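Q: Chain by chain, the residues run as shown.
Protein chains: 2
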Amino acid sequence: MKKKIVIVGIGYVGLPLAISLSRFYEVIGFDTNVNRVKQLKNFKDINKQILRNKLKESKIKFTNNIKDIRHSSVYIITVPTPVYKKNKPNLSLLKDASKTVAKTMRRKSIIIYESTVYPGLTRFLSKSIIEKISKFKLNKDFLLGYSPERINPGDKKNTLNKIVKIVSGSNEDAVLKIKEIYSKICRKIYVANSLEIAESAKIIENIQRDVNIALVNEFYKIFSELNLNFDEILKAAATKWNFLKFNPGLVGGHCIGVDPYYLLHLTKLKKIKTEMVSSGRNVNDNMHKYVVQRINKFANKLSKNPKNIKILIYGLTYKKDCPDIRNSQSKRISNILDKKYDLTTFDSLIDRSDEKQFPNFKKNYSKNNYDIIFVNHVHTKDGKKYKFEKILNKNGFLYSLENFK
Amino acid sequence: MKKKIVIVGIGYVGLPLAISLSRFYEVIGFDTNVNRVKQLKNFKDINKQILRNKLKESKIKFTNNIKDIRHSSVYIITVPTPVYKKNKPNLSLLKDASKTVAKTMRRKSIIIYESTVYPGLTRFLSKSIIEKISKFKLNKDFLLGYSPERINPGDKKNTLNKIVKIVSGSNEDAVLKIKEIYSKICRKIYVANSLEIAESAKIIENIQRDVNIALVNEFYKIFSELNLNFDEILKAAATKWNFLKFNPGLVGGHCIGVDPYYLLHLTKLKKIKTEMVSSGRNVNDNMHKYVVQRINKFANKLSKNPKNIKILIYGLTYKKDCPDIRNSQSKRISNILDKKYDLTTFDSLIDRSDEKQFPNFKKNYSKNNYDIIFVNHVHTKDGKKYKFEKILNKNGFLYSLENFK
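Heads up: the protein sequence lines correspond to chains R and Z, in order.
My numbering numbers the first residue of the first sequence as 294 and each following residue consecutively.
My numbering numbers the first residue of the second sequence as 294 and each following residue consecutively.
These are calculated hints, taken from the structure and not from any lab test.
Note that the structure is a prediction, hence the values are computed from the model and not measured.
Positions of the beta carbon are idealized from the N, C-alpha and C atoms, including for glycine.
Hints may be right or wrong, so weigh each one.
A few chain Z residues facing chain R, derived, Cβ under 8 Å [claimed, not checked]:
{"id": "1", "residue": "ARG416"}
{"id": "2", "residue": "ILE444"}
{"id": "3", "residue": "GLY447"}
{"id": "4", "residue": "THR452"}
{"id": "5", "residue": "LEU453"}
{"id": "6", "residue": "VAL457"}
{"id": "7", "residue": "LEU521"}
{"id": "8", "residue": "THR567"}
Here chain R stands alone, though its shape is the one from the complex (with noise of 0.2 Å):
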């Protein structure tokens, strides 16, 4: 008989995984969104990772009911872990997830989590929720894991068979029964000496890409003010051998934008001080107040009244070539601006749901002309096509982080 494998939450990290998997085991993707089951279960992935095709041929069972998911041998855990309003780690989907599992586990079960955590929090879950619900021992009755997710949405090179995939356990038992899982999808598995030092690794990734595009934004600004070109400045130092090739932008998302809020929380609580990695958020989470700024900067040298400065934005998703619109600082710029001017914005790649979400979201946004338009990035399948000079007023303004010639 196949083991039995239950992936809990099927987004952006659950489906590939539960996809790579079904050609091994027999999945079950359980998901406590409704709608989210129905349009896979059509064979629908409105996050354009897996193609229709792909879904059918999958055998996998998708379902939001909660018996469907009994005595399995194997629940690995994928769910968002996001942060409240004041950047506060948010952890009901992790405890509600490790609260389903616990409800349903059987003795022998495997748990492994790939939700992103600060160091602690896996053990954490097992202790006070796992083991208090089953009643089960951890290491005795259960064995857990923790492997944290590398999926980078958007990204066709590093995907899950390519990666190296960190693997760690409770003991011995667990490493070598996890390791096994994911030997059969990952090509290469790299075993760390312990939960704490999986869950540190995969936060200190995402705290580094941060602080760095943290740097290269804060560059942006300096040498902006100096009105120096920092397109040209970065372009000269990346001829050095060991430069860095970052490039300012917004960042968003559900990752890099959110992770270090859960490393921060577990510093703040256990008192040590960081500078780095707080001031890293701080750049980061304002530099869409940099872009609305020098906006007003362009639209006080029209000298109009505001209502009447045509504004686009252009590229509504928290990043290329990625439909997730989620802490999208797009968003913030249009919401800020749209109160201030005539403004239109506009994505290819969003999901039709998701449009409503932005204002005067526009598919022929193409047939006016602008005075300001926004360019925040473009996806890959828009190919060359888009002049926006030929969209743009005289005198008008073409603003955007990078450089998109």
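Add chain Z to chain R, keeping to what the hints say.
A: Okay, now just chain Z, sitting in the frame of chain R:
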């Protein structure tokens, strides 16, 4: 007749440059440091960059006599740009070098700066010193260039001839002429569009390293407080395709520990807010205090009279494989610990004349045993012969920021 090139400042940057150029031009190496000139005349480079034989072969004329450098076609200024105690840029060497050039140049001279500066400084020095003293006019009577040095002391791979050399000039003629000179000695030339772009490129390269090391230093402190082995975390994280491999360490020297202050000086003047650049400096500049704290904690555990606790600081230069002790944080640590403990210091690469700058420098350090050994770095030439465990007392502490196993 061969073109005559004067190098002003023949230290870590000037000497390798002089050696390379001397294969194609008549080169004069000028330095106000009488000792340095005398040593070089005797074919001795205490920086250990250039071997005796190479110095003998070269036909460079070393001098501290201003009369020897009159009416040269090209002047290249490579003096250090240090900071004063409170981290304000100390431009005195740069100004003195500019005065020296202004007094000795002729009509049509080309003046190139290689020293790291903040954007705008090259043009400012030309206007405020060179034009004033020489009475020549920029671009009419003389040409100006900026070509940032990318010398990486101790690095045998990225040497002058192999790197991409950025050049920039005050006009097209300057660019052409400067490009011609450097094409002789560097494999690839990159022309930046202005002096300021070239100046900015150089300074952001160094700041990027400083900030990335500051980030891992902060991580190191966080995870040490959480009792997690940071070395294991780094190794696990390094399995991600885009993780950047930086190690915690004591940033010192004349480059990445100093240059950020140059940009910070300018941003302060211009009232531009910085967060990443300043935090980076703050974390790295205080890292030695953290090391002292840790050593104090170890010492407390040994619960002896501090004066009886034997401590060895191994590795005193500011970085591995480089005899330079400028801004060495190992020195700061030694000075603090020396007041309290029975301290011994040692470094295998340091010049004999520098030894007295460290408390209780002992060539025969390995004849004693120690309660605490702090290993800052192990130079490549030391090989693996250093078995610190052999000279460590039972229950003693062997401590280092990096993992030297």
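Q: Are the hints correct? Go through all of them and say.
A: Status of the hints after comparison with the structure:
no., hint, verdict
1, ARG416, "violated (12 Å)"
2, ILE444, "violated (12 Å)"
3, GLY447, "violated (14 Å)"
4, THR452, "violated (11 Å)"
5, LEU453, "violated (13 Å)"
6, VAL457, "holds (4 Å)"
7, LEU521, "holds (6 Å)"
8, THR567, "holds (6 Å)"
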